[in-house]
Structure formats: structure tokens, C-alpha cells
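Trainee: Sequence:
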Amino acid sequence: MGENQSSSATFLPLKKPPAWTLMIVPYIPFIPKCSPWYRELLGLFGSYTWQSVPIVQLKLGKWAFDPAHVLKWYELEGKLQCATQALLGGVPIRPKGFRPFGLPHRIGYMAEHSSEKAARHVVLKSRDGFLPLIAQISLFIFLHKIVENFDPVDWRAKVQSDARVSAAWWDQLERSAAGDMSLPRIGGVLDLRLHHGDDPLEKTPFDDIFAAAISFSLPMPLYIRWGRIIGNKSQIPNPPLLSAMGLIPDLAEQMYLRTIPGSVQFSPWASSIKEHPNPGSGHVSPWVALHDLVKEMTFRSLRDDKPFCSTPDAPADEPEPEPAPGPAKPFPPVEKYSGQRSGETMTSFLARRAGAREKAMASENEQQKQRRARVYVWELRDGHYIRTAAGRDKYEDVWESYSESQRIYDWNTNEWDISITKRTTLHTPPLMMGPDTMESDMLPALSTPIDVLAPVLPAADPDVDLPPLVSTYRNGGTTGRAPVWILFS
28 MGENQSSSAT FLPLKKPPAW TLMIVPYIPF IPKCSPWYRE LLGLFGSYTW
78 QSVPIVQLKL GKWAFDPAHV LKWYELEGKL QCATQALLGG VPIRPKGFRP
128 FGLPHRIGYM AEHSSEKAAR HVVLKSRDGF LPLIAQISLF IFLHKIVENF
178 DPVDWRAKVQ SDARVSAAWW DQLERSAAGD MSLPRIGGVL DLRLHHGDDP
228 LEKTPFDDIF AAAISFSLPM PLYIRWGRII GNKSQIPNPP LLSAMGLIPD
278 LAEQMYLRTI PGSVQFSPWA SSIKEHPNPG SGHVSPWVAL HDLVKEMTFR
328 SLRDDKPFCS TPDAPADEPE PEPAPGPAKP FPPVEKYSGQ RSGETMTSFL
378 ARRAGAREKA MASENEQQKQ RRARVYVWEL RDGHYIRTAA GRDKYEDVWE
428 SYSESQRIYD WNTNEWDISI TKRTTLHTPP LMMGPDTMES DMLPALSTPI
478 DVLAPVLPAA DPDVDLPPLV STYRNGGTTG RAPVWILFS
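Here the sequence shown stands for residues 28 to 516, numbered as in this note's numbering.
Mixed in with the good hints, there may be bad ones.
Below 27 angstroms or equal to it, Euclidean Cα-Cα: the simulated BS3-like pairs (lysine-lysine) are [said to hold, decoys possible]:
1. Lys-99 <-> Lys-86
2. Lys-152 <-> Lys-86
3. Lys-89 <-> Lys-185
4. Lys-363 <-> Lys-386
5. Lys-89 <-> Lys-99
6. Lys-99 <-> Lys-185
7. Lys-99 <-> Lys-60
8. Lys-60 <-> Lys-152
9. Lys-152 <-> Lys-99
10. Lys-172 <-> Lys-185
11. Lys-172 <-> Lys-60
What the hints contain is simulated information worked out from the structure, not anything from laboratory work.
Based on the sequences and whatever the hints tell you, model everything.
Mentor: Written out as C-alpha cells, the structure reads:
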């Protein structure tokens, strides 16, 4: 693993690994690392916490986000979507299979809910849905600014016209977290390995986008997974920019890293770049100019200047032995009357329950069918999943909090198991919002006038505010250029 940055720094192991970056969503690394809800535009979302979300009761058993706030969210969402599509129309590159995220309001901040708590949960979850949208705008603005460095075209005027937004609104967007390129981003892992059936050409947009991010010193930690390296060549022959920048660990670097004891091996790297008084002159296109500029930015390992392993002239210190892994935590006591046996995993329980269901099919009667269903949630305790009764007074809240794919029904016992390990899969195509579709996507009709709907205070609940919007991790505590890590195996 090699660490590339302009100055030496202490490496700190990651507490939470970054996410893999997929070709269909290359903008995810551009999600802001800290809360983006500030300034004139995005500050609209900054005042909402679990306690302060204004929820109104529309009618008996129906709760919703305050319609006055819904209108503000929906108007801003529409403008952000229009700006995204206008920006996308002029970007110089677009990865194959590029997929925009769906509309944030589809998460449910405009919908009615069966409980006040569920309505609060969905509103805050909907706010999180704006993060990928902000990341898309950040990526597209960044690509437009790259072109601007070599060809000063008035792309802003065209985007404002296509998106039907005012110049003042656009200025607010560029001052927000979506347009501020100095704001730290969460980054990600670029998987440049070739798997069976992969086309090397499909990796090229990774090369263009993130080589530019490195060249223009975006504060975004990046991890490059090269895969198998034979000699000085990577498994994939098609990242010309990252290769030309010297980011593939050569044979000497690989041999050096293998001499370092421990589970993580790294070395500091430095970069250099030539100065150009007029980088746009003599090029047929701004993107060709960028390629020429990026190729003149080179990285080199400082392993010879600042060696981390002992030299042959000095006696080598014995590496400290790796600490033995601690004993596994004992299986916690299972819940009484849950049906789970001591030491039984969730998979084993469900398999045993399925077998019992088959045996009981012939003996089922109407009384059993009519019995009220019970709901159990599999909670993680000390590394083990424990089947826990949700409680009849909480069935509704639990049901609202999990997707259909996470609910497993057993007809024999008339019980539901909520599995938090199952993932929800989206099968619907991405939903888009534009200036011509806004009018057809109308707000839900309200049976009660807005002016007589009073916000409902949250019920007494031990819950506090939801967890942070973005999972962050340490990047060595450095400032300035974000580090780039190289992984190979």
C-alpha cells in the first residue's frame, strides 16, 4: 500500500473503510464529508432534528410532514434536479451505464404515514436522499471547471438557461457545499481490477475523472485497487493517465513494502508538476489539454529518502509479535419465549422454522390462521443476532422502518421475522425531474386546509437525533491535498 501526498504525515489505520466506487455512480466519492446543510440554499435542511421536525396530523391515524415545509423542500428539489440535468448535458465525459439517483421526495417526505414517529423518520431519511444529488452537482461542476481552465467558455449562462434558474440562485448553488471544491469529500475505492467478461475500456472514465481530481488537488481521499501487478504493469491496460502519473507500484516498491513487518505496509510519496504559463494553447480541445497537463504530474516513492525498514549496515530489530486475537464473546442469553435456542444463529433458526412449517402444513386450522401475527426483530448483541419480540405497541413503528424484502413470514406460527441483514434491491428505473415534468408530479391533496393543521410535538421517546448523515473516517489528519492510497494484491 503506498500513500501519495505532498508532505509526510503519520498514517492512521482506517476505522471505517470507504465504499467501493461503481461506474454507474461515479459521483458518490463527491458526497461532502461533513454536514452540507448551511448557507442560503442548503441551509434550509439544517434546522431539522428528531425533535424539531414539524409533523401534522391530517386525520385519524394519518401523519405527515408540515405541508408548508413540504412545498419548500419540493421547490428546492426541483431546481436542483433541473440544474443537475443541465450540467450533465455539457460534461465532457460520461461513464457507460451512468445512473442518476431517484428523486428524494420518492423516499416519502411528501407522503402520509400511519404513525407520527414513522413520519419523522422518513423526513430525516428523505433529507439524506439529497446527498447523492448534491454529489452529482459537485462532480459536474468540477468537470465544467476543468474545461474552464483551458477554454473559458460561458458554460454557466447555458446551464442557467437550460435549468431555468436565475443567476442569483446559481451563485448561491456555487457558494454551497455542492459547488465549493475546497470542501472535503468522503472519497472512495477505485476498483481497476479486471474480472471475467469486463471490458477494459469501461474503466476509462474512472481514469479521467479521478486523475483530474488528483491533479487539481481535490480534498478527497482515494484508494486505487490495481489487483495483480506483474512487473511494472497492472492487470488492466487502460488507465493511461493514472499510469502516466506513476501511481502503479513498480517492482522495487513492491519488494520494499514486503520487507516491512505488520499487517499494513505503506511508504510516503511526493508529487511534482511543471508550470505552464498558458496551458490551453496549442491544443485541439480542453480535454486533450487536461490529459497533457495530468501526464506531466508525476508521483514517486520516498522509500529511499525516508526508509521505514532497517539498512544492511544496522542490525535489524526483531518485529514485535502480532497480538493474538481475543476470545470470541460468549453467546448472549436468548429472549424468553422467542423460540430461539441457546447458541442458535439467525440462519439456523430460520432453517429449523422452515422445517417445522413443512411438517405442520397438514394440521393447520382456521383458528391458527386467524391468530394475530407477532413480530420479531433480530438485534445484534455482542456480535450475535438475538431474536427479540418487537412488542405489540411497537409493531406499527417497526413495520414502517423496514422494507418488504426484510420481512420473513412464517404462516405456521403466524409470526414475522425482521432481518436487518437483508438488503433492499431497487428494480425500478431512475426517476428524473425536469422543467417539463414538475407540473405532472403534483403534491398530494390534503383533506384539511393547511392553515388549520397544527404541528405535533414528538411523543416522549428515549430516541435522540438520528446518526450522522455521512460515515466519516480518519485520513491521517492531514490538510491540503487529500491522500491517495494504492492497494495491490
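Trainee: Evaluate each hint against the coordinates.
Mentor: Each hint tested on the structure:
For a cut-off of 27 angstroms, the pair hint linking Lys-99 to Lys-86 stands: about 23 angstroms separates their Cα positions. For the given pair, Lys-152 sits about 23 angstroms from Lys-86 by alpha-carbon distance, which is consistent with the 27 angstroms threshold. Taking the CA atoms of Lys-89 and Lys-185, the gap is near 44 angstroms; set against the 27 angstroms cutoff, the hint is violated. In summary, the hint linking Lys-363 to Lys-386 is supported, as the alpha carbons are separated by about 24 angstroms, within the 27 angstroms threshold.
The straight-line distance between the Cα atoms of Lys-89 and Lys-99 is roughly 21 angstroms, inside the 27 angstroms bound, and the hint therefore holds. Restraint check for Lys-99 and Lys-185: satisfied, since their Cα atoms lie roughly 26 angstroms apart, inside the 27 angstroms limit. Note on Lys-99 and Lys-60: the hinted pairing holds, with a Cα-Cα distance of about 25 angstroms set against a maximum of 27 angstroms. For the hint linking Lys-60 to Lys-152, the alpha-carbon distance of about 17 angstroms falls within 27 angstroms, and the restraint holds.
Distance check on the hinted pair: Lys-152 and Lys-99 sit about 17 angstroms apart at the alpha-carbon level, within 27 angstroms; holds. For the hint pairing Lys-172 with Lys-185, the CA-to-CA distance comes to about 14 angstroms; that is within 27 angstroms, so the pair holds. Simply put, Lys-172 and Lys-60 have alpha-carbon atoms about 21 angstroms apart, close enough for the 27 angstroms limit, and the pair holds.
When held up to the earlier numbered hints, the structure conflicts with hint 3 and nothing else.
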